[in-house]
Amino acid sequence: MTVLFRRSELHSLAAPYALDALDPREYQRFEKHLKRCDSCAAEVRLLREDAVRLAWNTAAPPPVAMRDRVLMAVRTTPQEAAPGQTAQGPQPHPRAAQQPLPGMRAVRPRPSRLHGLLSPLAATTAAAALVVAALFGVQASRTQDELDQQRTQAREIANILAAPDAAASAGRVSGGQSINVVASASERAAVVTPAGLGNPTNGRVHQLWLMRPEVQPRSLGLFEGDTPLLATDLNPDATSLAVTVEPQGGSPQPTSAPVVQLALKSVGFGE
Amino acid sequence: MQADELLVLVAKGDQKAFEDLYGLVSGPVFGLVRRVVRDPAQSEEVAQEVLLELWRSAARYDPGRGSALSWVLTLAHRRAVDRVRSARAAGEREMREAQRANGPAFDQVAEEVEAGLEREWVRRCLDRLTTLQRQSVTLAYYDGYTYREVAERLSLPLGTVKTRMRDGLTRLRECLGGAV
Ligand SMILES: [Zn+2]
Numbered sequence: 001m002t003v004l005f006r007r008s009e010l011h012s013l014a015a016p017y018a019l020d021a022l023d024p025r026e027y028q029r030f031e032k033h034l035k036r037c038d039s040c041a042a043e044v045r046l047l048r049e050d051a052v053r054l055a056w057n058t059a060a061p062p063p064v065a066m067r068d069r070v071l072m073a074v075r076t077t078p079q080e081a082a083p084g085q086t087a088q089g090p091q092p093h094p095r096a097a098q099q100p101l102p103g104m105r106a107v108r109p110r111p112s113r114l115h116g117l118l119s120p121l122a123a124t125t126a127a128a129a130l131v132v133a134a135l136f137g138v139q140a141s142r143t144q145d146e147l148d149q150q151r152t153q154a155r156e157i158a159n160i161l162a163a164p165d166a167a168a169s170a171g172r173v174s175g176g177q178s179i180n181v182v183a184s185a186s187e188r189a190a191v192v193t194p195a196g197l198g199n200p201t202n203g204r205v206h207q208l209w210l211m212r213p214e215v216q217p218r219s220l221g222l223f224e225g226d227t228p229l230l231a232t233d234l235n236p237d238a239t240s241l242a243v244t245v246e247p248q249g250g251s252p253q254p255t256s257a258p259v260v261q262l263a264l265k266s267v268g269f270g271e
Numbered sequence: 001m002q003a004d005e006l007l008v009l010v011a012k013g014d015q016k017a018f019e020d021l022y023g024l025v026s027g028p029v030f031g032l033v034r035r036v037v038r039d040p041a042q043s044e045e046v047a048q049e050v051l052l053e054l055w056r057s058a059a060r061y062d063p064g065r066g067s068a069l070s071w072v073l074t075l076a077h078r079r080a081v082d083r084v085r086s087a088r089a090a091g092e093r094e095m096r097e098a099q100r101a102n103g104p105a106f107d108q109v110a111e112e113v114e115a116g117l118e119r120e121w122v123r124r125c126l127d128r129l130t131t132l133q134r135q136s137v138t139l140a141y142y143d144g145y146t147y148r149e150v151a152e153r154l155s156l157p158l159g160t161v162k163t164r165m166r167d168g169l170t171r172l173r174e175c176l177g178g179a180v
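Read top to bottom, the protein sequences are chains A and B. Its first residue numbered 1, the first sequence is counted upward by one per residue in full-length UniProt numbering. Its first residue numbered 1, the second sequence is counted upward by one per residue in full-length UniProt numbering.
Chain A on its own, in the form it takes in the complex:
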């Protein structure tokens, strides 16, 4: 089989590559070759543009409901940092490392794990499935316990997103730090997704608090990177969510001013 991969043979794979017509093994070989072969790289750029012309006549209006699902999912989905920029923002995406966008080079095929995780949820809502995809993409799960925990969390997130009164809001401060929330007052729960918070220095952590009138703030948990937090048993009179920087392991009560605060009135709380 190695005979097929002589260098001269590899040159001839540019057109099938541009058409996504290589099997995974050849795809990997050719991607390696592309790094060394300028003429193939130039040819692929041209042929790729040619292939895309074949998509000119296939456009079709997507189902109307798809828009809401995607936009809702976007509110709870962390973004990747730009290549080479890791100090702030979400962790590099393990799936992205394996399945690059066009023009990026890495390895296919897509891990099948994701599909297995999505299918049991597909019946709930597509938006939930998308959120789960984002969640599981961000976290490199290792143990079965973690997986089970994530599945449970994913189901609860699905329930919140599927609630008829689910509403979204975003709190933004200077410097691009923000939290996005999708909340359901009827479920008394919310999915809170940090965006651009990064990790504080010196082992400190970002802690999420529920603020209520005339009551001490209640901890809703610690953020890990930009992974969403699921907040449950929210009090109907809650007025806002706040994020503070706390020592490792978190604090019983906030010890510093919030870096981000988000009012909950627009998502149905505070009455």
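No wet-lab data here; the hints were simulated from the structure. Take every hint as true, because none was put in to throw you off.
Derived Cβ-Cβ restraints for the label pairs, each shown as a range:
(1) A:E156 / B:K16: 23 to 31 Å
(2) B:G91 / A:R218: 49 to 57 Å
(3) B:Q42 / A:Q28: 22 to 30 Å
(4) B:S67 / A:Q28: 24 to 32 Å
(5) A:E214 / B:Q42: 48 to 56 Å
(6) A:G225 / B:D39: 34 to 42 Å
(7) B:E5 / A:P247: 41 to 49 Å
(8) A:A65 / B:D20: 16 to 24 Å
(9) B:T130 / A:A65: 42 to 50 Å
(10) A:P252 / B:P63: 45 to 53 Å
(11) A:G249 / B:K12: 29 to 37 Å
Beta carbons: idealized from backbone N, C-alpha and C, even for Gly.
Starting from the known structure of chain A, arrange chain B with the ligand on it as the hints suggest.
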């Protein structure tokens, strides 16, 4: 605003820009995915994943490498092909099992290469290709077959298929080139 500019804003977390981008690319993305995947429910699923991936990975878009729409459609095509291949692999397993149970094998090489090409000008340019160029290109791009599978279906040597693919794409460029 153009898709290129919107992607830059989306990379900075701008949700409004993403809504605008959705308006521009969701039709092309969904249509292309459906053309390859065929099954409506699966197409919707794949299209959603692609659109969400745009949000997540917008920072990876490099304007120096080509237009935003090309980037988006290249991504959509790749995801659609991944899906149709895994569905096909599962289907072929089932079919082999069914064949073992039901006796004689049946040949299901049904050509529908030309089906569903709505727009006249791409069709006209495709018509200018030789039959083998056209079949090689469309079986790969619209139906998600690898060049090895295309060679098998057309009973051609691998080298011939690779050449027909390249010549077909090049001729398409000559025919459609000015029409951006
Ligand atoms: Zn080469």
